[in-house]
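These two chains come separately, so use the hints to put the complex back together.
Going down the list, the protein sequences come from chains A and B.
Under the numbering used here, read the first sequence as residues 1 to 403, first letter to last.
Under the numbering used here, read the second sequence as residues 1 to 89, first letter to last.
Do not take every clue at face value.
[Stated by the list, open to error] Calculated lysine-lysine pairs in the BS3-like style (CA-CA distance at most 27 Å, straight line):
#1 A:199 <-> A:125
#2 B:88 <-> A:209
#3 A:401 <-> A:27
#4 A:27 <-> A:53
#5 A:27 <-> A:303
#6 A:199 <-> B:88
Treat the hints as calculated values from the structure; they're not laboratory data.
These numbers come from a predicted model, not from an experiment.
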Amino acid sequence: MRRVVITGAGTVNALAMDVAGTIAAMKAGRSGIGPLAFQDVDRLTVRIGAQIKGYAPEAHFNRQQIALFDRFTQFALLAAREAIGQAGLAFSGALADRSGVVLGNSGGGLGTLDDNYRTVYAEGKNRVHPFVVPKLMNNAAASQVSMAWNLRGPSFTVASACASSNHAMGQAMAMIRSGLAEVMVTGGSEAMLCFGGIKAWEGLRVMSKDGCRPFSLGRNGMVQGEGAAIFVFEDYDHARARGAEILAEVAGFSMTADASDIVMPSRQGAARAIAGAMRDARLNPSDVGYINAHGTGTAANDKTECAAVADVFGPDADQVMISSTKSMHGHVIGGTGAVELIAVLMALREGVIAPTIGYEEPDPECSLDVVPNEAREAAVTAVLSNAFAFGGLNAVLALTKAP
Amino acid sequence: MAKDDIAARIVEIVAEQAVLEPGDVKLDQTLADLGIDSLGLVEAIFAIEESFDISVPFNANEPSESDFDISSVGAIVAAVSGLVTDQKG
Chain A
1 MRRVVITGAG TVNALAMDVA GTIAAMKAGR SGIGPLAFQD VDRLTVRIGA
51 QIKGYAPEAH FNRQQIALFD RFTQFALLAA REAIGQAGLA FSGALADRSG
101 VVLGNSGGGL GTLDDNYRTV YAEGKNRVHP FVVPKLMNNA AASQVSMAWN
151 LRGPSFTVAS ACASSNHAMG QAMAMIRSGL AEVMVTGGSE AMLCFGGIKA
201 WEGLRVMSKD GCRPFSLGRN GMVQGEGAAI FVFEDYDHAR ARGAEILAEV
251 AGFSMTADAS DIVMPSRQGA ARAIAGAMRD ARLNPSDVGY INAHGTGTAA
301 NDKTECAAVA DVFGPDADQV MISSTKSMHG HVIGGTGAVE LIAVLMALRE
351 GVIAPTIGYE EPDPECSLDV VPNEAREAAV TAVLSNAFAF GGLNAVLALT
401 KAP
Chain B
1 MAKDDIAARI VEIVAEQAVL EPGDVKLDQT LADLGIDSLG LVEAIFAIEE
51 SFDISVPFNA NEPSESDFDI SSVGAIVAAV SGLVTDQKG
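Just chain B, same shape as in the assembly (with noise of 0.2 Å):
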């Protein structure tokens, strides 16, 4: 799957997460910026798990020790990229 499409989709979970249009979520927001709290985030994680058939490692309890970069949404495509070339090859 190539990124620009990885990117178009988690812009997509984000952005139904945040109550936006697509076109106003941009990759260097965090997520706190777009208004998604702690359950936002899990939800997003599972559509992201839904969305690309991968598994996402993430533990609520520490967030910032996952493997997962959570940071921007720029990061999370990044991750996501990541965990598909590892995990769907």
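So that you can see chain A by itself, here it is in the shape it has in the complex (with noise of 0.2 Å):
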């Protein structure tokens, strides 16, 4: 079987703009989450969010591009320039046609359903730009990046709410690995903080209207952030022969479906995912060093999560360190596995542990190391990255250490 390995990462979201601003962040433990600013963002109980703030799409952009990019688009096309540009990677002839692209997302162009919802209905006007369906669709992000980059080979968007990042890259490594493709653009993007984004999570009522502390008790809800991470998946033969550096080796995945509740999460549909990722990266409970979590910071995900690797790694879980960065870059949704996997391969090749930040007090239900507040130096070789999504499909991705 091929093997699969990461060349390239980017990223933008509520922290930084590239991967180091991002890993600075993250080693600081610093919050990306502050009062959202957007139209009439006073309508709204839940005023916070992980907002990427100052951010000017003319700076990145040209007019006919913004015309058609939405924001989630504009994220992608950001974060897939700094990976594709640290992979090293020119896309012609036949590599272009063996390299494809495939990113995950769950809310499209949302901003853009919203301005032209408030446009006609609102606002009563029946005209709306001509280009709003190629700007919304769900599939904007992934085509523009194929377009960018003349990217010709298997393409295509995955939705599966939060775990839609973690769905596409585990399609993006399961193609190099058959041989379908050669390299694989892949990661996911999102930018639901807007008025109709935010009004709809309220009526949930799981959003916490303070602060995200995921594992702590007292903990009250998510927050939502935005921004993208792509990364450049690539077989590690085709990677060695041209001298890549390799970033990491993404050794395994798993995927379940709970089949039992649309919101509330299972603690077996997870445990499947978590033992099934590291039956097919050969890891045992004692290998894996770090485990990025889902950590959303509501009740439910945080204990189920906890019961869910407390299963797996049997006594090995007092010694893994799981940790959600959601604290600081808030839940992405379908962007959220790969904004995480940035703290995946910090841990890899820095031997830098992220923190859960926000926290305040152990909650019994929660009691593995969660490292809280502070990051924490540990040299780990295998690790893990839960996501455990709405409608019950679980995505985890195991990593190691570049071989």
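Here it is in structure tokens:
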């Protein structure tokens, strides 16, 4: 079976506009969460989020591009530029035909939808911009990335709510493993911080009004973020033959469905996904040094996730570190697994475990080592990254140090 | 609004969630007795807010710590009566 490695990484999120800045913020335990700023925010009851402050599309794209690129597409393009630049790949000829792009998102061009619904419903206009559809469609980001870098192989978009980007990266890995592709640009993006986006989430009453405190007693919900992270996945032999710097190996992947409840997570479904990824990567519990948690900061997710880890790891659960970086960059929904993979790369490459910030008090139902509040130096060789979506769709990646 | 009217409307809302006739809902029953799960509860609170034009302080992450008492149908009636008085004068 072909091996899959990562040769490029890029991100934009509330912590920073690149990987280096994001890693610096994670090491410092800095929060990107603050007051939200957008039209009609005063009509919301939840008014905090990890918004990319000071973002100006004009600084990155021309007028014609902005007319076609929703915010989630812009984020994906910026992150892809960094990732593909680091990989040092140019796509032409046979390589272009054997390289594709699979991205995850959940809301697509939700901001575009929100703006244009406002135009026709609230403002009573009967005409909208001609590019609304190509701007809001969920595959717009993947398509624009394929066009920008001439990626002509297998390309599509995955939507599985909060697991979208983990599912996308799992697909990318499987395609390279199976020989369907040589290089895959993969990850995810989300830009749901608009009036309609948050208003819909308010309805479920799972959002915190004051902060994201994963695993901490008294946590009261999730806080949304926005952004993207994109990676270049590459066949190991291909990467080695061209002398590329290898950031990590994507060693295993597993996906499961709870098949039980549309919003409540299942301990068994999560545990099966965690165990499956370890089996796929041929890892024992004692091999895994760090788990980047789904860790949403809701009462239900965090205790279920800890129970699932305890089930799979048994006595080794006390040794593994598990942290939720959502406490810093917020819950980036369909892009969250991708943004969180930056913390995974930091752990493997720099030996620094990102903290769970905002941690106040231990919760007996989350009694694992959650790396509270301060980053920790620790050499790890194998890590997991969890994503457990609404709808009970779970996707877990296993990564190991570069071979 | 009279408390009896509030009680009658809440019983209707709860009955709809439980797929029962309003006459089969008793004020001393809990939502669990009536087979209403967390999603049903959130939907019922939405219906209450819409019916009475009030805002109900309830976070699904900490139902026991919310100011809104949901321990029984009667408790919900009392809590909503208080909110109607506070918010609608």
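Against the structure, the hints come out as follows:
1. A:199 <-> A:125: holds (23 Å)
2. B:88 <-> A:209: holds (24 Å)
3. A:401 <-> A:27: Within the cut-off at roughly 19 Å; holds.
4. A:27 <-> A:53: holds (20 Å)
5. A:27 <-> A:303: Holds: residue 27 of chain A and residue 303 of chain A sit about 25 Å apart, inside 27 Å.
6. A:199 <-> B:88: holds (23 Å)
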